[in-house]
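Visitor: Could you put the whole structure together from the sequences, leaning on the hints where they help?
Just so you know, my numbering puts 45 at position 45 of the sequence shown, and the rest follows in order with no gaps.
Check each hint, because a few of them may be wrong.
[Stated by the list, open to error] In silico SDA-like links for lysine to any residue, alpha-carbon gap of 20 Å or less:
no.	residue 1	residue 2
1	K249	L229
2	K208	D198
3	K248	E313
4	K208	I261
5	K157	S69
6	K208	I250
7	K157	G306
8	K199	D263
9	K81	T102
10	K157	P82
11	K249	M273
12	K181	G298
13	K81	N140
14	K316	V245
15	K199	L187
[What the hints assert, rightly or not] Listed next, with one range per pair, are the computed distances between beta-carbon atoms:
no.	residue 1	residue 2	range
16	P258	T141	46 to 56 Å
17	L311	V76	16 to 26 Å
18	T143	A166	21 to 31 Å
Bear in mind the hints are in silico, worked out from the structure with no lab data behind them. C-beta atoms are modelled at their ideal positions from N, C-alpha and C, and glycine is treated no differently.
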Amino acid sequence: YVGSEDILSYLDATYAVDGSSGSSAAAAAATSADGDIKQQIIDSALQVGSYLPGILRAGRGASVCPAASASSSVPVPRPTKPLILYSYEGNQFCRLVREVLTELDLPYELRNAGKGSPRRAEMAEMTGGSLQCPYLIDDNTGTAMFESADIIRYLYKTYALWTPPAELLESASAAVTPLLKPVYKVLAPLQAGSNREDKSEYEAEIAKATAEIEQETNANAVVVYVYELSPFCTEATDLLDNLAVSYKKISLGKEWIPGLIQDPLKRAALGEMTGQTSLPHVFVGGKSIGGIFSGTPGLVPALEEGNLMNLIEEAK
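Guide: Quick look at the structure:
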């Protein structure tokens, strides 16, 4: 069967006890002779609510993510047996897990465990009485777990090439970076002292900072310049940690705000060398690849293109 209406009709005719599903029964109640307006309003609200998660999480669970793409130059770990997921509709945490299972292209058996389902007793027997959903079983690794966050973390660690950074940070970066880039471009030299009377002194200090950067980035295969309080910098180093990549982390201070930045000269020198003054700033083999989401091409884009690990191997 193709299409939701045909599938629902088949399920109603084949498996409903009285020949009608809960949804068709609700529809009948809404259009009954007594004209129950209240029931119609409730049913309409439920129908709108069923679309809301899809609107709020538009695009999630629609395609295989690059971290699990078969087109990658590195083999993607695959399970030999389908995973098992106890779940039910109307639970947003179950939805999160199903989205990730789709994005990682993982085969799984969905066992619906809504209220009144005999599978709840089945779950209770396996879990020692817990009926919490989602509940994932992976016979490939002998793993069973609750909690959507733990399940998602496990799925990425086990069946993906890397764990993608937080979506919220990526969206924030896409919206804010273009706006702040010209501000950073002006502010970075000023914080480093470009407005002092003795320009030659400033230029000498920038030349010294540039030489330090060149020495640091040529002496290490991977170097990441960071701010200690920046969530973007933390995501970048976490991503490299998850990939088991060795790197040298160099802090320029707590943040770029005056009073928190400790090495404004090196930040200004990075700007003159590469055109980028924002952090994190990643170098591989002595060459800048940019920040976490953007640059030449950026840490995540390099991963998605399948080039990052090759660049790192060459740099070693």
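Visitor: Against this structure, judge whether each hint is valid.
Guide: Against the structure, the hints come out as follows:
| no. | hint | in the structure |
| --- | --- | --- |
| 1 | K249 / L229 | 14 Å, holds |
| 2 | K208 / D198 | 16 Å, holds |
| 3 | K248 / E313 | 15 Å, holds |
| 4 | K208 / I261 | 18 Å, holds |
| 5 | K157 / S69 | 15 Å, holds |
| 6 | K208 / I250 | 16 Å, holds |
| 7 | K157 / G306 | 18 Å, holds |
| 8 | K199 / D263 | 18 Å, holds |
| 9 | K81 / T102 | 16 Å, holds |
| 10 | K157 / P82 | 17 Å, holds |
| 11 | K249 / M273 | 19 Å, holds |
| 12 | K181 / G298 | 15 Å, holds |
| 13 | K81 / N140 | 6 Å, holds |
| 14 | K316 / V245 | 11 Å, holds |
| 15 | K199 / L187 | 17 Å, holds |
| 16 | P258 / T141: 46 to 56 Å | 50 Å, holds |
| 17 | L311 / V76: 16 to 26 Å | 20 Å, holds |
| 18 | T143 / A166: 21 to 31 Å | 24 Å, holds |
The structure agrees with every numbered hint stated previously.
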